[in-house]
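Residue strings, one per chain:
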Amino acid sequence: SAVISQKPSRDICQRGTSLTIQCQVDSQVTMMFWYRQQPGQSLTLIATANQGSEATYESGFVIDKFPISRPNLTFSTLTVSNMSPEDSSIYLCSVGQGIRTDTQYFGPGTRLTVL
Amino acid sequence: GDSVTQMEGPVTLSEEAFLTINCTYTATGYPSLFWYVQYPGEGLQLLLKATKADDKGSNKGFEATYRKETTSFHLEKGSVQVSDSAVYFCALSDSGNTGKLIFGQGTTLQVKP
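Heads up: the sequence lines are chains X and E, in that order.
Here the numbering used here = 1-based position in the first sequence + 28.
Just so we're aligned: 95 in the numbering used here is position 102 of the second sequence, and the numbers increase by one with no gaps anywhere.
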């Protein structure tokens, strides 16, 4: 399975600021995804990070709030912009090599607290 | 759209008890089904998966069988340990072949010695 790292592992930020989260994989992967896990809740997909093109966002998530980059097949970033306390969550990236039958592997997550 | 429903927790068991966590799904196609586990303070780990009807996924003493007729994928373990205490998520791959996963709400398991 792929080894996935995320930076930072946790952060405490002030309202109105932005934070960029990095996701690094130890091998080339086809699919990369960003999820949000609000306190005590399940995972919600934010977007699919597409290599070389704009990310595909899920309903309720917009590029201005969560800009995503994916410059190559091993790296992606998610920015949480103009943060509010409601953005306090764990943000996880995941990777997969294909669709449907393939397995997604998750990074350790970034725990974000917004004051 | 596709969805996953898990039994509500928390589930509290004594060590060596039998575990069942129910999971049912709604999907327009033929999804793959997964169980992920999240230990305290950690990310998600794949526990097991099944890709077609009647497949049984198994790992670390956990099992789940893909039941198309009942649209279920219940997680079972014959004898739980304190170290199994975690949050368990049932998930399916969405029918649109996008590679996305749709998760259930998660079930917290606490095993007491």
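Just so you know, these hints were derived from the structure itself, not from any lab.
A hint or two may mislead.
Unchecked claim - Covered by chain E, per the in silico footprint, the following chain X stretches (three or more residues, Cβ under 8 angstroms): (1) 59 to 70; (2) 98 to 107.
Unchecked claim - Sample of chain X residues facing chain E (criterion: CB under 10 angstroms; computed from the structure): (3) Thr76; (4) Thr84; (5) Glu86; (6) Gly88; (7) Val90; (8) Ser116; (9) Leu120; (10) Thr141.
Cβ atoms here follow ideal geometry from the backbone N, Cα and C, with glycine treated the same way.
Here's how the hints hold up against the structure:
1. 59 to 70: The restraint on the segment 59 to 70 of chain X holds, since 4 of its residues have a Cβ under 8 angstroms from chain E and three suffice.
2. 98 to 107: Since 0 is below three, the answer is violated.
3. Thr76: With a minimum Cβ separation of about 7 angstroms from chain E (threshold 10 angstroms), the hint on Thr76 of chain X holds.
4. Thr84: Given a least distance of 8 angstroms, the restraint on Thr84 of chain X holds.
5. Glu86: Hint holds; Glu86 of chain X Cβ to chain E Cβ min 8 angstroms, cut 10 angstroms.
6. Gly88: violated (13 angstroms)
7. Val90: It is violated, given that the least Cβ distance between Val90 of chain X and chain E is near 18 angstroms, above 10 angstroms.
8. Ser116: violated (16 angstroms)
9. Leu120: With Cβ-Cβ at 6 angstroms, under 10 angstroms, it holds.
10. Thr141: violated (14 angstroms)
Hint violations for this structure: numbers 2, 6, 7, 8, 10, all remaining hints satisfied.
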